[in-house]
Amino acid sequence: GAVVSQHPSRVICKSGTSVKIECRSLDFQATTMFWYRQFPKQSLMLMATSNEGSKATYEQGVEKDKFLINHASLTLSTLTVTSAHPEDSSFYICSASNGGRYGYTFGSGTRLTVV
Amino acid sequence: QKEVEQNSGPLSVPEGAIASLNCTYSDRGSQSFFWYRQYSGKSPELIMSIYSNGDKEDGRFTAQLNKASQYVSLLIRDSQPSDSATYLCAPKERGGGNKLTFGTGTQLKVEL
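Sequence order for the protein chains is Y and R.
Start counting the first sequence at -11; every next residue gets the next number (our numbering).
Start counting the second sequence at 12; every next residue gets the next number (our numbering).
Hints in this document: simulated from the structure, not taken from any laboratory.
The beta-carbon is built from N, C-alpha and C at its ideal position, and this holds for glycine as well.
Possibly wrong hints are sitting among the right ones.
From the derived model, a few chain R residues whose C-beta atoms are all more than 10 Å from chain Y [to be verified]:
{"#": "1", "residue": "80"}
{"#": "2", "residue": "91"}
{"#": "3", "residue": "93"}
{"#": "4", "residue": "99"}
{"#": "5", "residue": "112"}
Simulated pairs of lysine to aspartate or glutamate, EDC-like, Cα-Cα distance not exceeding 20 Å [stated by the list, open to error]:
{"#": "6", "chain 1": "R", "residue 1": "53", "chain 2": "Y", "residue 2": "47"}
{"#": "7", "chain 1": "R", "residue 1": "67", "chain 2": "R", "residue 2": "56"}
{"#": "8", "chain 1": "R", "residue 1": "13", "chain 2": "R", "residue 2": "104"}
{"#": "9", "chain 1": "R", "residue 1": "78", "chain 2": "R", "residue 2": "68"}
{"#": "10", "chain 1": "Y", "residue 1": "29", "chain 2": "R", "residue 2": "104"}
{"#": "11", "chain 1": "R", "residue 1": "53", "chain 2": "R", "residue 2": "89"}
{"#": "12", "chain 1": "Y", "residue 1": "29", "chain 2": "Y", "residue 2": "75"}
{"#": "13", "chain 1": "R", "residue 1": "13", "chain 2": "Y", "residue 2": "76"}
{"#": "14", "chain 1": "R", "residue 1": "53", "chain 2": "Y", "residue 2": "76"}
{"#": "15", "chain 1": "Y", "residue 1": "29", "chain 2": "R", "residue 2": "14"}
{"#": "16", "chain 1": "Y", "residue 1": "29", "chain 2": "R", "residue 2": "16"}
{"#": "17", "chain 1": "R", "residue 1": "78", "chain 2": "R", "residue 2": "14"}
{"#": "18", "chain 1": "Y", "residue 1": "43", "chain 2": "Y", "residue 2": "75"}
{"#": "19", "chain 1": "Y", "residue 1": "29", "chain 2": "R", "residue 2": "56"}
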């Protein structure tokens, strides 16, 4: 149980284009989803928290107009990196919670390379 | 600023030994604590969770929590080369949207 599917696993895009990353909870309803970014040899940095049906809450320093998050249903959240630049190249990981006290399940991550 | 401190390592232990990973946290209100394992290039996977002071054992893993000292640890018995990974400590923030705050992680290397 508690499986989170994240797609794509890898994406290479040209500078200036947009990339959408999907995160799906397959066997539970995710009331809250979290989006993280991780640079090489660094820890996970929380970008935003999204609750189903409401606007995402962004962490300080994260541009909400650049990183668009949609959580339209209890099983799907998407992160769109708009007008991507090489400095946006990173490992993006989603995590889902069903609101309980238990650990959060992570997706497999998306490695974004902007060229 | 809520902080989670871990020794980045690498912590090297011989195969079969006990690996001890430590974590301190600043948010006194944290009630739930999670240990994740992350292999290079992969996403984190949950190893253990602990909510009450004391020890919690699951197979080769034991988590220890001391809320008064704001300290949580993970012991790995009979360490195997496959345990070589980065271990992330993550207290769950009180309120604040139920966020997890991650430490920088401790890199563990189990040597043959």
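Which hint numbers doesn't this structure obey?
Result: hints 4, 5, 6, 10, 11, 13 and 18 break, sorted rising.
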